[in-house]
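Take the given structure of chain A and dock chains B and C to it, following the hints.
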Amino acid sequence: MQGFDVTAILLNSQLAGMLADGFLVTLIIATGSWLLAMSLGILLLMIRLMPSRIANHAVRAYVSYHSNVPTLVQLILWYFGISSLLPSTLQEWLSEHHAEATFAIIGLGLCQAAYFSEDLRSGLRSIAAGQEEAARALGHGYVGTMRYVMLPQAFRNALPALVNHTVSLFKNSTLAMAIGVAELTHAVKEVENQSFRTFETFLIATLVYLACSLLLMGIGAWLGHRARPVGAR
Amino acid sequence: MVDDSGSEQPNMIEFIHVNKRYGDFNALVDINAHVRKGEVVVVCGPSGSGKSTLIRTVNRLEEIQSGTLMFDGQNVHAKMTSKTLNRLRSRIGFVFQSFNLFPHMSALDNVMLSPVRLRGLSVAEAHDKAMLLLDRVGLTSKAKSYPAQLSGGQQQRVAIARALAMEPPAMLFDEPTSALDPEMVGEVLAVMRSLASEGMTMMCVTHEMAFAREVADRVWFMDAGSILSTADPRSFFSNPEHPRAKRFLADLRAR
Amino acid sequence: MLVQIYDIVRDDWLLLLIGQYPNGPLGGIAATLLLSVLGISLAFPLSVLVALARISPWLILRAPATALVYTMRGVPLLMIIFWGYFLVPLLIGKVVPGFVTMVCALVVYEAAFLSEIVRAGIQALPAGQADAARALGHSHLGAMRYVILPQALYNMMPSILSQFVSTIKETTLGYVINVPELTFAANQINNRLLTKPFEVFFLLAVIYFVVCWSLTQLANWLERSIAAKRAGKGRTSEAVSNGTPLVAEP
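Chains as they are written, first to last, in the working numbering: chain A, 1 to 233; chain B, 234 to 488; chain C, 489 to 738.
In isolation and in its complexed conformation, chain A is listed as follows:
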């Protein structure tokens, strides 16, 4: 058994390169799906707030599906299932243009959008009663009230939940491995197979994940601190 030697991985340009590439793919997947999830989440919230009962039920069904079906199953359904329903020309185009990563971003983004919209909805509901009325009494319309008074407060209230779900999103990027995306955990398996240095490889990847998650939580805490009015009584 070789002795513990992290440098065997880190200084080996090929192996380190594989890990770095994997990490880059993880970042791409995580960022892409986060952007999709946040924009879709806000859209879902706006739809949910519409007075139509159909709109209400549609969003509730969306959230219910995405929170009760495991994320991995959602990704598998997208990549193996839904892709088979697409017209063959589109399927061919996709398989030449990073189909795996695309479906991973779509699947993860759509899933997290459900959570983000619920977080924002809770954030909206926890705004003090009378805020909306005060804005309306001043003469602001629906859009103005949302834009200047309600949504800023909803985001502030929802911040802890949004940060938690962002960390979840980041961790869920590993699931893309199951549909063939060469992200960090996938790279770890490859490097481990080649180098037989299981412990060192695992440790490096674990520390990378941990560092990123803690960074995200730290950013969240800093944002929360900034958003809170100074010297609240």
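Treat the hints loosely; a few may be bogus.
Claimed, not checked - Here are the simulated distance ranges between beta carbons:
| id | chain 1 | residue 1 | chain 2 | residue 2 | range |
| --- | --- | --- | --- | --- | --- |
| 1 | C | Q617 | A | A227 | 28 to 36 angstroms |
| 2 | B | L365 | C | A716 | 48 to 56 angstroms |
| 3 | C | G581 | A | L35 | 44 to 52 angstroms |
| 4 | B | A423 | C | Q617 | 44 to 52 angstroms |
| 5 | C | E711 | A | F196 | 47 to 55 angstroms |
| 6 | C | E711 | A | A129 | 19 to 27 angstroms |
| 7 | B | G353 | C | A551 | 54 to 62 angstroms |
| 8 | C | I493 | B | A381 | 24 to 32 angstroms |
| 9 | A | A129 | B | R446 | 30 to 38 angstroms |
| 10 | A | A129 | C | A608 | 37 to 45 angstroms |
As the list claims (entries may be wrong) - For lysine-lysine, the following BS3-like pairs were computed, each having C-alpha atoms within a straight-line distance of at most 25 angstroms:
| id | chain 1 | residue 1 | chain 2 | residue 2 |
| --- | --- | --- | --- | --- |
| 11 | C | K684 | A | K189 |
| 12 | B | K362 | B | K377 |
| 13 | C | K684 | C | K717 |
| 14 | B | K375 | B | K362 |
| 15 | C | K582 | A | K189 |
| 16 | A | K171 | C | K582 |
| 17 | A | K171 | A | K189 |
Unchecked claim - Under 7 angstroms between C-beta atoms, here's a sample of chain A residues computed to sit facing chain B:
| id | residue |
| --- | --- |
| 18 | A137 |
| 19 | G141 |
| 20 | G144 |
| 21 | L151 |
| 22 | P152 |
| 23 | Q153 |
Keep in mind the hints are simulated off the structure, nothing from the lab. Please read all numbers here as calculations on a predicted model, not as lab measurements. Note that the Cβ used here is the ideal one computed from N, Cα and C, for glycine as well.
Below, chains B and C without anything else, positioned relative to chain A:
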């Protein structure tokens, strides 16, 4: 304050056979009354009498089922686009019992927001006007403070400045001091008193009877959804006509 | 499409239900539920210990507990499973089936998240409870055992049930290390049929949805009834609800 002997000023607020129901409960019953330009009207009565409901119908925070409500010549409850309603509301100053300042903005931003976004004032103009208003309510030093850093009385004064920023022809006050600790009631009433002396048309729901006696031109006494008397303060407090008004004043004095 | 889904169910319901048992290890829904139940029930006592350690006044207990919780919160479960795959045979000394690895990984992972729920439950109790227990003479651990934990755990039941639902969803990761649970079984069916991937995986999604949704509804119902009980207790005293008079009639 209105000059009694002078010519009649036009009606700023007018209730004509206004009725409002919540399901089976009659909240407002055949309200007929008016507030003239420059008048200060205090609305009082036991709890549940419909005072808050009444004042909230003026800027249509509550709907009415029948009757007409006129504000400065405009029918408040007519069918209208939301744009028209918003513009109407921006002309009616409303001060809430729970202040409802926007917690994510400083006092100055609270006052500046609506003139900039609704009236199209430039930020510089709005800033100067807002500072003038904050000075008027005695809070220039707190312009950059956030609501969480202000006492209840200070918050309510900022709320008054915020309503005044839209230069409304009339101000409505819904129990402005009821949520305040006793020692802060005076500072808010002082602002309201100075507004009245400058000729602002005001309608106030309040329990502050000393304020009513000094500042009001008329006192509307309400009970069970109806206005039972609209006398001037002197007559109302010394010799109320209606037996329920007598009982209400007796209960108040007994406290 | 519905007809095809019905065909799949009709032909392979046994595989989906219990995998290839008895011709192989237990699989399918049975394996999924077994993994989840084992995971959560073994994690639970561990999570109580971790929660107590996190709120204890001694750094030597607090530090490792906090480190564990933050690590599990920050590292993907798949990575934890890989660690388990590597470490468990080392620690036990012989090769273990993927099922055991999966259980170990789930237990450690869930213990961290459950401990946060337990900790929240303990800290949500009014401070007066601990004070009253200590005033009566109970030790710190005694107060925990007889007064704090029973109440906290009762209040936290809906959250614990929610975490159980999360555990069920997490068992799907077993698919990546060839643990024969439900997702693995569905994949086997798909590899055999090859022409109906959408129907197979849609069915898979539906099965998970039904299981998780029902449990979530149960958790919501529990939360409502606990809240109602809590509100109710404030209005009537114990003696009255037991039927015994508080004060003797004159």
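- Message: The hint says 30 to 38 angstroms between A129/A and R446/B; measuring C-beta to C-beta, is that right?
- Response: holds (33 angstroms)
- Take the C-alpha atoms of K582/C and K189/A, compute the straight-line distance between them, and say whether it is at most 25 angstroms. Distance of about 21 angstroms is within 25 angstroms: holds.
- Can we keep the P152/A interface hint, with Cβ of chain B closer than 7 angstroms? Holds, about 5 angstroms.
- Query: Do the beta carbons of E711/C and A129/A sit within 19 to 27 angstroms of each other?
  - Reply: Holds: the Cβ-Cβ distance is about 23 angstroms, inside 19 to 27 angstroms.
- Query: Does K171/A pair with K189/A here, judged by a C-alpha cut-off of 25 angstroms?
  - Reply: holds (17 angstroms)
- Query: Does K189/A lie within 25 angstroms of K684/C when you go C-alpha to C-alpha?
  - Reply: This hinted pair is violated, its Cα atoms lying about 30 angstroms apart.
- Item | Supplied contact hint for G141/A, tested at 7 angstroms Cβ to chain B | holds (5 angstroms)
- Query: Given a hinted range of 37 to 45 angstroms, is it respected by the beta-carbon distance of A129/A and A608/C?
  - Reply: violated (26 angstroms)
- Message: Assuming the hint says 28 to 36 angstroms, is it satisfied by the Cβ distance from Q617/C to A227/A or not?
- Response: Since Q617/C and A227/A have Cβ atoms about 34 angstroms apart, the given range 28 to 36 angstroms holds.
- Message: Check whether the Cα positions of K684/C and K717/C lie no farther apart than 25 angstroms.
- Response: violated (50 angstroms)
- Item | Given pair status - K362/B, K375/B, alpha carbons within 25 angstroms | Judged against 25 angstroms, a Cα distance of about 15 angstroms means the pair holds.
- Assess, step by step, whether the Cα of K171/A is no farther than 25 angstroms from the Cα of K582/C, and give holds or violated. It is violated: about 30 angstroms lies between the C-alpha atoms, which goes past 25 angstroms.
Violation of the numbered hints given earlier is confined to hints 8, 10, 11, 13, 16 and 21; the remaining hints are satisfied by the structure.
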